[in-house]
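Take a look at the letters that make up each chain.
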Amino acid sequence: MHLNRIEIKVKSETLTCYVGGEGPPMLFLHSSGGARLTPALERLAEKYRIYMPIIPGFDGTRSSERLRTMLDVADLAAEFVDTAIKSPCDVIGQSFGGRSAAWLAIRHPGVVQLLILAAASIRPNGEERPSGSPEDARLRLFAHPENLPPETRPAEWLAQNRAVSLRLRGSPAEDAELLGRLKEIRALTLILYGTKDGEIPPSSAQFLKSQILKSMLIYVYDAAHAIDSDQPDHFVRLVDGFFSLGETFIVARGKEHTATLPS
Amino acid sequence: MKFSYFHLMPYHFFDEPQKDWPTRNTNFDPKKAQELYTAYTDMMARAEDLGFDWVGCNEHHFSPYGLMANCNLIGAALVHRTKNIRLAMCGNLLPILNPIRVAEEYAMLDVMSGGRLIAGFMRGIAHEYIAYNTAPDESWERMAEAHDLIVKCWTEKEPFGWEGKYYKFPAISIWPKPFQQPHPPILMSASSIESARFAAERRAIMGIVRLPGYEQALESIKVYRDTALTNGWKPGPEHVLIGAFTCVADTFDQARAHLERGLDYFFNVLNGGVATAQRIVMQKTRYYQEERTKAQRAQHVAAQRSSTIDERIETGQVLCGTPEMVVEQITRMNKIFGHGIMNVNMKVGNIPNDVVNRSMQLWSEHVLPHVRHL
Numbered sequence: 010m011h012l013n014r015i016e017i018k019v020k021s022e023t024l025t026c027y028v029g030g031e032g033p034p035m036l037f038l039h040s041s042g043g044a045r046l047t048p049a050l051e052r053l054a055e056k057y058r059i060y061m062p063i064i065p066g067f068d069g070t071r072s073s074e075r076l077r078t079m080l081d082v083a084d085l086a087a088e089f090v091d092t093a094i095k096s097p098c099d100v101i102g103q104s105f106g107g108r109s110a111a112w113l114a115i116r117h118p119g120v121v122q123l124l125i126l127a128a129a130s131i132r133p134n135g136e137e138r139p140s141g142s143p144e145d146a147r148l149r150l151f152a153h154p155e156n157l158p159p160e161t162r163p164a165e166w167l168a169q170n171r172a173v174s175l176r177l178r179g180s181p182a183e184d185a186e187l188l189g190r191l192k193e194i195r196a197l198t199l200i201l202y203g204t205k206d207g208e209i210p211p212s213s214a215q216f217l218k219s220q221i222l223k224s225m226l227i228y229v230y231d232a233a234h235a236i237d238s239d240q241p242d243h244f245v246r247l248v249d250g251f252f253s254l255g256e257t258f259i260v261a262r263g264k265e266h267t268a269t270l271p272s
Numbered sequence: 024m025k026f027s028y029f030h031l032m033p034y035h036f037f038d039e040p041q042k043d044w045p046t047r048n049t050n051f052d053p054k055k056a057q058e059l060y061t062a063y064t065d066m067m068a069r070a071e072d073l074g075f076d077w078v079g080c081n082e083h084h085f086s087p088y089g090l091m092a093n094c095n096l097i098g099a100a101l102v103h104r105t106k107n108i109r110l111a112m113c114g115n116l117l118p119i120l121n122p123i124r125v126a127e128e129y130a131m132l133d134v135m136s137g138g139r140l141i142a143g144f145m146r147g148i149a150h151e152y153i154a155y156n157t158a159p160d161e162s163w164e165r166m167a168e169a170h171d172l173i174v175k176c177w178t179e180k181e182p183f184g185w186e187g188k189y190y191k192f193p194a195i196s197i198w199p200k201p202f203q204q205p206h207p208p209i210l211m212s213a214s215s216i217e218s219a220r221f222a223a224e225r226r227a228i229m230g231i232v233r234l235p236g237y238e239q240a241l242e243s244i245k246v247y248r249d250t251a252l253t254n255g256w257k258p259g260p261e262h263v264l265i266g267a268f269t270c271v272a273d274t275f276d277q278a279r280a281h282l283e284r285g286l287d288y289f290f291n292v293l294n295g296g297v298a299t300a301q302r303i304v305m306q307k308t309r310y311y312q313e314e315r316t317k318a319q320r321a322q323h324v325a326a327q328r329s330s331t332i333d334e335r336i337e338t339g340q341v342l343c344g345t346p347e348m349v350v351e352q353i354t355r356m357n358k359i360f361g362h363g364i365m366n367v368n369m370k371v372g373n374i375p376n377d378v379v380n381r382s383m384q385l386w387s388e389h390v391l392p393h394v395r396h397l
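Read top to bottom, the protein sequences are chains A and B.
The numbering of the first sequence is the working numbering, which starts it at 10 and goes up by one.
The numbering of the second sequence is the working numbering, which starts it at 24 and goes up by one.
Certain hints may be false.
[Claimed, not checked] Cross-link-like lysine to any residue pairs, in silico, SDA-like; alpha carbons within 25 angstroms at most:
1. K188(B) / G119(A)
2. K264(A) / G184(B)
3. K180(B) / R195(A)
4. K95(A) / P133(A)
5. K175(B) / P33(A)
6. K191(B) / R149(A)
7. K192(A) / E179(B)
8. K223(A) / E179(B)
9. K192(A) / V134(B)
10. K18(A) / P33(A)
11. K200(B) / V134(B)
The set of hints was computed from the structure by calculation and includes no laboratory data.
Predicted model only: the values in this text are computed from it and were never measured.
Given these sequences and hints, build the entire structure.
Structure (structure tokens):
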């Protein structure tokens, strides 16, 4: 099901947002690559109403003076939920979006029902971001680049995305604060990590699991950093299963069970 | 060099070749089998006293070729009958089993034995896939995924889930975890180029339990070593296991006669059903992914059946003769392969148990002291 690009006015900003689908609301906080519409998202939109606000400055949108840190992004996300969704909802944060999702759950616990941190960009040991050629970066991000939809965004948008994400990424002090406050997340959390992720070390996912009290960690086999792109069927199954079933998600269902989307 | 005493636990009460697959069990005699299990586990436990470093078990299904449908049970039977010998499970057939169960049972064996497990991760012979109704075409992918999942079970510090192509487990936290850290050494079969490459990519010990011929074995070892270097590590002799059917006797004629009869029984009676199943599987599947491997395997099977003892000695398929002759054969093989682990299978086909026990005794007293230094 298709997501439409619309403008939504929240208290302090007018946000551009992708919205689409029918069903319980789901907030999707995008990665530093911007708001990418993937087949996985479009399949989830068959059962959920998906809201993917574009962080100001990404994908050709106007930057916001007010957004200086990930905490500001989280606060803006909370305003968005209050204004556009008008009720607590399930939240997915992917990579860079995982940091803002974690802050959202810490600073605005009433907004978040169930939380998914997909390849969340949190480095517990202060590891440097890996460097290398564009091809190296591609391999770290994608185990199956053939799955990617063609890139249609202009090059200047992509460059701006990189600049904005660097600006917002945060200081070491902010990183330390986030690491120390993960314990405050009360929402039941599903942590997803691709077994071929070359961008974030596995210690990141393991650390999240150790700190977030009510959490589950699932390794997605044969996926790199972009889990939704590399393994869309598995991503959809996990997201839908977790959001539909909560903690009973770990219980096997027989063939007759129809609560989840078919693969 | 280290030495492994390997046992297939054959059920050798057939008079006629068994060609059907699966081999009918109508006349299976549980009393006889009980006696065999007792005799065989006695031999395997005795291997430690006779100076072997490893005792090897294996897993095969639906055939009198071997009574070990689950090698872990035999491993457990040996844990408290031995103190120091390594328990080499050679091994669980990953693609047809539940990998969590493998992880758990191997961890149990490792803990119970105080860290003596050698964890064999095997793909299985083709007929095993019929036995457990698993698609042979999926064997390599299943093997790869199961390997990663089992190692994760052993090493992960927090509970975790797994979402894979073949295996989905949402919440895993095995108890016990292995004694050896980070995990027990892993051994894989590597008689073909594709399996040698696979083993090296995962830093496993490579094993060629029955030589397909010197040239092919050397090629597999080369591929293993080259692939290891490409993957950032350098294997030593301790990473290469070579195996052979073995008979040590007081005279060469005795050894030859025993082994000839045992091999005839092994290939033409016990192995008949297995060969039928393999022929069926090979026809329409990609169990061997490369055509060359498939062809080599077919040649190897044909050669194994038709070779004379002298040919088998010459090509390293068997160790056969007096202790002095066997010392020379092992020394020659070591010069050729540079391997650090020699795997010997002495209960071949229907060789009587007293002959096997004598072979073990001669090995311990007159072979081992002269090859230990290799």
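Against the structure, the hints come out as follows:
Between K188(B) and G119(A) the alpha-carbon distance is near 36 angstroms, which puts this suggested pair outside the 25 angstroms criterion. Straight-line distance between C-alpha atoms of K264(A) and G184(B) comes to about 21 angstroms, which keeps the hinted pair within the 25 angstroms bound. Note on K180(B) and R195(A): the hinted pairing holds, with a Cα-Cα distance of about 22 angstroms set against a maximum of 25 angstroms. Our distance criterion of 25 angstroms between C-alpha atoms is broken by K95(A) and P133(A), whose separation comes to about 34 angstroms.
This hinted pair does not check out: K175(B) and P33(A) have alpha carbons roughly 35 angstroms apart, beyond 25 angstroms. Only pairs whose Cα atoms come within 25 angstroms are accepted, and K191(B) paired with R149(A) is accepted, the gap being roughly 24 angstroms. A distance of roughly 20 angstroms separates the Cα atoms of K192(A) and E179(B); the hinted pair therefore holds under the 25 angstroms criterion. With a C-alpha separation of about 18 angstroms, the suggested pair K223(A) and E179(B) falls inside the 25 angstroms cut-off, and the hint holds.
As the CA atoms of K192(A) and V134(B) are separated by approximately 34 angstroms, the hinted pair breaks the 25 angstroms bound. Note on K18(A) and P33(A): the hinted pairing holds, with a Cα-Cα distance of about 21 angstroms set against a maximum of 25 angstroms. Between K200(B) and V134(B), the direct Cα distance comes to roughly 8 angstroms. Compliance with the 25 angstroms bound is thereby established for this hinted pair.
In summary, the numbered hints that this structure violates are 1, 4, 5 and 9.
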